[in-house]
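Model the full structure from these sequences, guided by the hints.
Protein chains: 6
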Amino acid sequence: MRPSGRAPNELRAVKLTPEFTCHAEGSVLIEFGNTKVICNASLDSGVPPFLKGSGQGWITAEYGMLPRSTNKRMRREATQNKQGGRTVEIQRLIGRSLRAAVDLKQLGEVTIVIDCDVIQADGGTRTAAITGGYVALMQAINNARARKIIKTVPATSAIASISVGICNGEPVLDLDYDEDSTAETDMNVIMNDAGHFIEIQGTAEGHPFSDSELARMLELARHGIGELFSKQREVIGPG
Amino acid sequence: MRPSGRAPNELRAVKLTPEFTCHAEGSVLIEFGNTKVICNASLDSGVPPFLKGSGQGWITAEYGMLPRSTNKRMRREATQNKQGGRTVEIQRLIGRSLRAAVDLKQLGEVTIVIDCDVIQADGGTRTAAITGGYVALMQAINNARARKIIKTVPATSAIASISVGICNGEPVLDLDYDEDSTAETDMNVIMNDAGHFIEIQGTAEGHPFSDSELARMLELARHGIGELFSKQREVIGPG
Amino acid sequence: MRPSGRAPNELRAVKLTPEFTCHAEGSVLIEFGNTKVICNASLDSGVPPFLKGSGQGWITAEYGMLPRSTNKRMRREATQNKQGGRTVEIQRLIGRSLRAAVDLKQLGEVTIVIDCDVIQADGGTRTAAITGGYVALMQAINNARARKIIKTVPATSAIASISVGICNGEPVLDLDYDEDSTAETDMNVIMNDAGHFIEIQGTAEGHPFSDSELARMLELARHGIGELFSKQREVIGPG
Amino acid sequence: MRPSGRAPNELRAVKLTPEFTCHAEGSVLIEFGNTKVICNASLDSGVPPFLKGSGQGWITAEYGMLPRSTNKRMRREATQNKQGGRTVEIQRLIGRSLRAAVDLKQLGEVTIVIDCDVIQADGGTRTAAITGGYVALMQAINNARARKIIKTVPATSAIASISVGICNGEPVLDLDYDEDSTAETDMNVIMNDAGHFIEIQGTAEGHPFSDSELARMLELARHGIGELFSKQREVIGPG
Amino acid sequence: MRPSGRAPNELRAVKLTPEFTCHAEGSVLIEFGNTKVICNASLDSGVPPFLKGSGQGWITAEYGMLPRSTNKRMRREATQNKQGGRTVEIQRLIGRSLRAAVDLKQLGEVTIVIDCDVIQADGGTRTAAITGGYVALMQAINNARARKIIKTVPATSAIASISVGICNGEPVLDLDYDEDSTAETDMNVIMNDAGHFIEIQGTAEGHPFSDSELARMLELARHGIGELFSKQREVIGPG
Amino acid sequence: MRPSGRAPNELRAVKLTPEFTCHAEGSVLIEFGNTKVICNASLDSGVPPFLKGSGQGWITAEYGMLPRSTNKRMRREATQNKQGGRTVEIQRLIGRSLRAAVDLKQLGEVTIVIDCDVIQADGGTRTAAITGGYVALMQAINNARARKIIKTVPATSAIASISVGICNGEPVLDLDYDEDSTAETDMNVIMNDAGHFIEIQGTAEGHPFSDSELARMLELARHGIGELFSKQREVIGPG
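Chains as they are written, first to last, in full-length UniProt numbering: chain H, 1 to 239; chain W, 1 to 239; chain G, 1 to 239; chain U, 1 to 239; chain X, 1 to 239; chain Y, 1 to 239.
Source of the hints: derived by calculation from the structure; they are not laboratory data.
Hints are supplied without guarantee of correctness; some may be wrong.
Identical chains share a label here; the pair holds if one copy fits it or two copies do between them.
[As the list claims (entries may be wrong)] Straight line, CA to CA, 27 angstroms or less: simulated DSS-like cross-link-like pairs of lysine-lysine:
| no. | residue 1 | residue 2 |
| --- | --- | --- |
| 1 | K105 | K148 |
| 2 | K82 | K72 |
| 3 | K72 | K148 |
| 4 | K52 | K72 |
| 5 | K72 | K105 |
| 6 | K105 | K151 |
| 7 | K148 | K52 |
| 8 | K231 | K15 |
| 9 | K82 | K105 |
Below is the structure:
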């Protein structure tokens, strides 16, 4: 029995609120139960130095948590003179995943930055950030196309992400904080809508996992990500 | 005529949403028109080293803006290895103002941190942060009293803040970004509910101001702050 | 009775020593009693990136205190990897105030940096820095005109600054450290020689202040600043 | 055909040189072909604050590259005032993996730091660091037992790591730099000697991977890691 | 012929102004011609962690230059988030040299920090700082003895320092900036009043120096340092 | 009697292993007994901004120690957000010394960076770094000439360095850590193969040294450096 009473293959209530803020080219609030992440996409002409003149665009991400998004207040990273290791790891993952959504060559020399800011945390913030970040990214691309900043329609594939894990010996989908903090294994899965893997990060926390446990977790992830693609389409439209 | 069509002494729509996040001891979303600031109060036992053993409590504030809270994306302070000068100035002002709300000696050795995070900016974020921060502070004190962490009822006075300025030669109340960026003079006023000043910061932007202009601006501020005290009381209760 | 025996509207002995150092384009040592600040103005061709090509000049300020300018040694900011919040606040204030002295458009694309370094502190260092900084600034402009770096005569107005406050219930002018550290209210006033305000920063330290107290403090400030304009003119000449 | 001429399931020449430096409690140079990493284990009494009094030990890792370990000189991290995101990610991975090797409760309140410094890089430095780091860790534990610093024999399981990937459409084992920089998918696998997974990190670089490609890569990893366990045992002894 | 017209073995005018600032336990302004350095000694009870409980005292130094102490404005180190390499080198040298003046064991557990701040630079700032720093140090020790903070009279030997060099092929004493910036060899010599060396740092700038040149430079240094000891005694008294 | 049993004028076993790493244009492992330093020279087109367009080249050095190169683990500088003062001092010394080896004007606009990384420390790491760094530098220059990046043959003179000191009252050559940590005087001497001094840095550690002691130390240094030139020539060839 899960603490939340959910079935092993049951997602939390997922909600996407588009246009959550008014200045960004793409903006969505994504909620997985009590986990709430603002995803804002900013479109900028120009690319980083290593791409100048390549004709290719760039997508990158930044991640942050409000100090009191968590049960116990965390120190604000801006006052510590650096981003922590966990933050850096997460924002690199979000950026890599979202770059897999778009043919950067077709994008042309523009940069899209996805800011993922957690205003309330209850487990699964990075997978929520990727899933919501994809929506903000598509909104920004549509915005750029409407304003003729992007002339072609770059080929894209939908990207979504969910966590799976083993809790009390049982593979489960979409861990909340209660489960995440006691899970024996924790795995984040990012897939595209062709059903292929973009990234898998599985970590044993005390209980090394077997081939069959891995297979069961990946099956759960595939199921959950399918539902997320539906949620994304409701907001973005048929594309 | 103001860009927003408001009368010179007219506030924007002000809205306070309590319990905006679920973990903090005090939490409110404050909106002044399009300006939206999350104010979270965190209660912690213990005080900074300079107050250890004094029997006195401490209240401090931190301020941040989401990178895309503004029309043009700002760099994230956590990635720049420091808080900017404007941020430091603002959070020092918020902290000083809110310390004036409570008798710190009666508070006992606890620390309350008020995090003010701007999720959308349209002028007046610091005065919104002080006005909303006072609400979050009172919620945290009530929480602490309910949990017997604070035994006495510390004497408090309500604190609110508003901006005034001179735009197109005319003194006006509660400047939005359009006005703020072109104002000849910009002044932030913080008052208590006894009608006295906690802090005044007036800056001429190109047009040094006279005694009579100062008097007119302070009169507008007093009027606007009176309305804010009503809004605060609706959320906090009669105290 | 004030600790120094001064009348409520009496300045400390004010002394300006021009050409205090030999390399800077403008240099003055300003003393308010035991408070001593070196103000050096450096003239540089070119402007910051945000003004390139605008034809407009720039004036900025930096502030520092020698570690043992104070009664108790402070840590050196250079060894702490950052300037403290108070330092940042003060140097932003000095810069804003001195930019109000000169028509930057007429200055042309040059930058003048005013370094204000406190070698001995006894209260009122920021107002001394502004008052002395104005002198160094005028010297640098005269130097630039003599060397034909500035071709026009930019319109300027004299700027001076003084602190006022309420000590033991009494409004007083030009607080020294003894008064400053126990004042109920502390206010820094910057005015131009047309008698208008450039900036007002008043902070209640435990005793919120009334309209009439504010009026009395501003009257004292106006009186003191008048004397400072005379002292400045003795050094700069009739202009 | 692989650039090195190796078969798809063929490791590079792996060499472990114990006691490579003389001061550390555990020290080994590990070579995978041209990749060379010094792994030094340092034993220290005491644990980080969050474990004080818990009776439990701690294992952590740091990772660095000599500036000219790579084909093009990299900037030295010590001169950049921070470790880069890649470095932080890698050293967190090494630390997590090696903590899975030892029952920290049985270790008692000691800390072992594993420094992994790359003196020459040709792909696979993080997996070499984990595989060599395990050897240095065991040497340090044996040293501590010989010196009676650790009284019990903490339960351990061997840990080793290898990279696999898809190059030119073909799953291959132990990618060198030539392969790594052009691979369609890159995966790092860490396993214990019971044949279970400690961590899996697979990233599609342009070519999302299927379930069957994943299965084939994991099979190659299992094969390679088996050989690494033999190499480790030759140096550590039967344990 | 030297640019200043001095004889090869002639010092610049050396002037020591005691009690230059009013808060420090020791304070002197030292001038070598146009080089002017404020040396403030701060006495503090307690010692750094590595000396706690040792019964031994500590002497350390910090060095800084006002941004416009030089002909061209330098960036302020506090705004660059670090002290430069030259600064660190110099303050380590000053600290080492002054520790050689006092028997730290007899000093007892107190710390004396010597702040050397250059307000005007014309070559030789580090040797001026050492020579003036010794005076400030002795004043602080006398102050501490008068206040019974130091009970014994710690054994001391006078320390002074001068630069020598080879300019236009000629060994000369006490280089000013004109000479320093073109010298073939530059050497800083620190000696005690027993005629022995505390530190020698000689650097060839383009012209490696011979044994006989070294001997001649050391002879000049010995001569100059003898004069400095007289100047120090005039200020400190016979000791 | 020295702790190592060596005669006062006896070097430790010195060994130079060329091509120690495979990517750098110059690479050597230098060993002085247990002291082991990797010296890698990296050749780069272009020069720092202050030399752009001058036609002159640049040589600089960086120095680091592996955390466990020492008996007790040191904190990694990259995790401390800065290089320590000792590191900065040493790398500036190495850079200055090696610039004296080459006529930078004849080098043309290329930069050579010498990375000196200590993998095992037992005293004398900076003198080993200079002596080995010279070899790596010459290899890089030969590499650049072979590849026609440098067209002329820049005039060079060999540079080597050794430490001398006074231990137990006796001048000795090439101090190891046991001697270094208890020496009364410690001196680093850098010479060229014309027998002239490039740099002398002598520091009294508790025992100020006399003229005759200085003379004896310099004589020992000259003897030791002569042997080092032979070792260098064996690796570099006749030049």
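A quick look at each hint next to the structure:
1. For the homomeric pair K105 and K148, the shortest alpha-carbon distance inside one copy (17 angstroms) is at most 27 angstroms, but the shortest distance between copies (37 angstroms) is not.
2. In this homomeric assembly, K82 and K72 come within 27 angstroms of each other (Cα to Cα) both inside a single copy, at 20 angstroms, and across copies, at 23 angstroms.
3. Within a single copy, K72 and K148 get their C-alpha atoms only as close as 46 angstroms, which misses the 27 angstroms cut-off; across copies the closest is 19 angstroms, which meets it.
4. Taking the shortest Cα distances, K52 and K72 sit within 27 angstroms of each other only across copies (20 angstroms), while inside one copy they are farther apart (43 angstroms).
5. Taking CA atoms no more than 27 angstroms apart as the test, K72 paired with K105 passes between copies only; the shortest distance there is 25 angstroms, against 44 angstroms inside one copy.
6. In this assembly of identical chains, K105 and K151 lie within 27 angstroms of each other by CA distance solely inside one copy; the values are 12 angstroms within and 40 angstroms between copies.
7. For a Cα distance limit of 27 angstroms, the shortest separation of K148 from K52 inside one copy, 20 angstroms, qualifies, whereas the shortest one across copies, 29 angstroms, does not.
8. With identical chains, the CA atoms of K231 and K15 are at most 27 angstroms apart within one copy only, with a shortest distance of 8 angstroms there and 30 angstroms across copies.
9. For the homomeric pair K82 and K105, neither the shortest alpha-carbon distance inside one copy (32 angstroms) nor that between copies (32 angstroms) is at most 27 angstroms.
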